[in-house]
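Asker: Residue numbers (our numbering), protein chains in the order written: chain A, 4 to 114; chain B, 912 to 1026.
It should be emphasised that the hints constitute simulated quantities derived from the structure, not laboratory data. Keep in mind it's a predicted model, so treat the numbers as computed, not measured. You may find that some hints are simply not true.
[Claimed, not checked] Derived list of chain B stretches under chain A, where covered just means 3 residues or more per stretch with a C-beta under 8 Å from a C-beta of chain A:
| hint | region |
| --- | --- |
| 1 | 956–970 |
| 2 | 1017–1025 |
[Said to hold, decoys possible] So these bits of chain B aren't anywhere near chain A, every CB distance computed over 12 Å:
| hint | residue |
| --- | --- |
| 3 | G927 |
| 4 | E929 |
| 5 | Q991 |
Don't be surprised by glycine CBs; every beta carbon is placed ideally from N, CA and C.
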Amino acid sequence: AQRVTQPEKLLSVFKGAPVELKCNYSYSGSPELFWYVQYSRQRLQLLLRHISRESIKGFTADLNKGETSFHLKKPFAQEEDSAMYYCALLGGNSGNTPLVFGKGTRLSVIA
Amino acid sequence: DAGVIQSPRHEVTEMGQEVTLRCKPISGHDYLFWYRQTMMRGLELLIYFNNNVPIDDSGMPEDRFSAKMPNASFSTLKIQPSEPRDSAVYFCASSSLTSRIYEQYFGPGTRLTVT
Chain A
4 AQRVTQPEKL LSVFKGAPVE LKCNYSYSGS PELFWYVQYS RQRLQLLLRH
54 ISRESIKGFT ADLNKGETSF HLKKPFAQEE DSAMYYCALL GGNSGNTPLV
104 FGKGTRLSVI A
Chain B
912 DAGVIQSPRH EVTEMGQEVT LRCKPISGHD YLFWYRQTMM RGLELLIYFN
962 NNVPIDDSGM PEDRFSAKMP NASFSTLKIQ PSEPRDSAVY FCASSSLTSR
1012 IYEQYFGPGT RLTVT
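I would like the entire structure built from these sequences, with the hints used as guidance.
Answerer: Written out as C-alpha cells, the structure reads:
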C-alpha cells in the first residue's frame, strides 16, 4: 500500500533558523515524491519534485530510499515560508495514478 | 486562464440539507480530482475522473456523497443529506496526463459548514 507520513502537524521555528519538514513514505516500487505548499489565502501548489533536484525558494528535498524519506529543508527560515506543506507520492509506472498526500505540516516562522 | 474554478467559496447549511459543490477544471486537462481537507485527516482524495469517467471513488466516505462529471468542463460533488461531520474545505484539482499528471492545479476550495 502507498502511504505518506508527516509526523509533525505543526512546526514552529524562529526566523533565520534551519527548517526540516519530515516526510516518510511506504511504497514497494520506485516512487516519485513531491512537496506541495499552501500559503495563507492561496491555492495549494506544487513546490518541488525530487526528480528535478532543484531548489525552490531556498527549499531542497532529497529522496533517501534507504530511509524511505523525503524531508524538506531550508537553511534559513523566513517569515514568508509560513504555510501548510504537504508531501505527496506518485506510485505506479503508468503515469496515470493519483497522488497520495500526507496529512500536512503547518510551518510557522516566528519573527 | 483563470485556473480551476470552484463555487461557492463558502457554504453554510443545516444538517439534512443537500449541498452541491461545483468545479470547472482547466481547459484541456483530462484529469479531475475532488479532495477534502480537515485538520484531523489532512488532504483526502475522494474521487477522480479521467476523460469524464470516474476512475476511483474509494475515497468517497459514504453513499451520501456522489460526484458527476457530465462534460469536460464541469463537475459536481453532492452531499445529501449533509451532516456536521462533513464540515471541511473541499478542493477540486485538475491535471493532464499528456503533460504532467503529478502537477495538479488546485482550485481555491469551498469551505463547507454544516450546522
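Asker: Run the structure past the numbered hints and jot down the numbers of the failing ones, going up.
Answerer: Violated hints: none at all, because every hint is consistent with the structure.
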